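Peer 1: Just so you know, we're using the working numbering here: the sequence shown kicks off at 1 and counts up by one.
The set of hints was computed from the structure by calculation and includes no laboratory data. Being a predicted model, the structure only gives us computed values, none of them experimental. Each residue gets a CB set at the ideal place from its N, CA and C atoms; glycine is no exception. Accuracy of the hints is not assured; some may be wrong.
Distance windows between CB atoms, simulated [unchecked claim]: (1) Gly-84 x Arg-105: 45 to 53 Å; (2) Ala-228 x Gln-191: 45 to 53 Å; (3) Asp-139 x Phe-41: 25 to 33 Å; (4) Arg-144 x Glu-34: 33 to 41 Å; (5) Arg-98 x Phe-41: 28 to 36 Å; (6) Lys-189 x Glu-57: 37 to 45 Å; (7) Asp-56 x Val-170: 38 to 46 Å; (8) Arg-101 x Asp-139: 41 to 49 Å; (9) Arg-213 x Met-187: 22 to 30 Å.
Listed below are the simulated DSBU-like cross-link pairs for lysine-lysine, each with C-alpha atoms no more than 35 Å apart in a straight line [said to hold, decoys possible]: (10) Lys-102 x Lys-149; (11) Lys-15 x Lys-27; (12) Lys-43 x Lys-71; (13) Lys-168 x Lys-149; (14) Lys-129 x Lys-149; (15) Lys-35 x Lys-15; (16) Lys-59 x Lys-71; (17) Lys-43 x Lys-106; (18) Lys-229 x Lys-149; (19) Lys-202 x Lys-168; (20) Lys-189 x Lys-149; (21) Lys-162 x Lys-149; (22) Lys-36 x Lys-129; (23) Lys-149 x Lys-182; (24) Lys-153 x Lys-186; (25) Lys-153 x Lys-108; (26) Lys-102 x Lys-189; (27) Lys-43 x Lys-181; (28) Lys-27 x Lys-129.
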Amino acid sequence: LQQAFTANQGEDENKLNVAYPATGAQKTFELEDEKKYRIFFEKRMAQEVEADPLGDEWKGYILRITGGNDKQGFPMKQGVITNGRVRLLLAKGHSCYRQRRKGERKRKSVRGCIVDGNLSALACVIVRKGENEIEGLTDKIVPRRLGPKRATKIRRLFNLSKEDDVRKYVIRRTIPAKEGKKPRIKMPKIQRLVTPITLQRKRRRIALKNKRRQKRREDSAVYHQTLAKYAKEKMAEKVARRHSSASQSKASESEPRHSFTAEKRDEKKVKQCIGYASWEQSKQNEDNNLLITEYFYIFTTIF
Numbered sequence: 001l002q003q004a005f006t007a008n009q010g011e012d013e014n015k016l017n018v019a020y021p022a023t024g025a026q027k028t029f030e031l032e033d034e035k036k037y038r039i040f041f042e043k044r045m046a047q048e049v050e051a052d053p054l055g056d057e058w059k060g061y062i063l064r065i066t067g068g069n070d071k072q073g074f075p076m077k078q079g080v081i082t083n084g085r086v087r088l089l090l091a092k093g094h095s096c097y098r099q100r101r102k103g104e105r106k107r108k109s110v111r112g113c114i115v116d117g118n119l120s121a122l123a124c125v126i127v128r129k130g131e132n133e134i135e136g137l138t139d140k141i142v143p144r145r146l147g148p149k150r151a152t153k154i155r156r157l158f159n160l161s162k163e164d165d166v167r168k169y170v171i172r173r174t175i176p177a178k179e180g181k182k183p184r185i186k187m188p189k190i191q192r193l194v195t196p197i198t199l200q201r202k203r204r205r206i207a208l209k210n211k212r213r214q215k216r217r218e219d220s221a222v223y224h225q226t227l228a229k230y231a232k233e234k235m236a237e238k239v240a241r242r243h244s245s246a247s248q249s250k251a252s253e254s255e256p257r258h259s260f261t262a263e264k265r266d267e268k269k270v271k272q273c274i275g276y277a278s279w280e281q282s283k284q285n286e287d288n289n290l291l292i293t294e295y296f297y298i299f300t301t302i303f
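Working from the sequences, and respecting the hints, build out all of it.
Peer 2: The structure is reproduced here in structure tokens:
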């Protein structure tokens, strides 16, 4: 009900926020006539629109659409090609979202980049100024609250050389004094300022870097020497083992081997002879047994 009430309440409110970067000023205009607002319909973000239909004072002005909000407060997002509302999973670096925790992602409702009548506020930037001045926008200059902080940008702003002292040209601002206290002057800390101390620190960093490089080279040389010595010792041990095994093999070859083989051969022959003799003996025993059985058969048949 609250959303419906706010939607009905803001149906007739069409706000146009216009910024002029040349002077740093910005102003909000309420467009009561919807016909004037229709020149932005069906336009996308970053497109340029001629502002002549807004009134005589806008003659010759060109505006670029930079964003907007619908009547429920959801912002427009570049790249979403629709005039409706979508829910996107947003993370760090995406527009319309700010992460609360590291690595957090969240699904948020955003509006497409196409302008239609459901927007309550539309943001634009003046790209080209027209013939007339617009009161409160182009006729006043808003000074910048803070000046440049980087040394090179200060030099570029005041057209200084490298020999000039940048610290004299820093933009200071005076803070009004409180009751019973003196006014204070604040100035930004200059970044990337070259001083003798910074040069000394740079020389020290370079010296330490060279020292570490030299130490690393020396340690590498010692390591390679130790590794070569270890490899040489291992090779010497390997050669010594090879020579000792070769000498042992030569000594074994010098001993007579034919006697051993002859004994083995004679032993084999003896075993063969013993086996043949036992076979002959068993054959003869079988013949005797057969002869005895024949005699016994003949004797039994006669008697």
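Peer 1: Any of the earlier hints contradicted here, and which numbers?
Peer 2: 1, 9, 18, 25, 27
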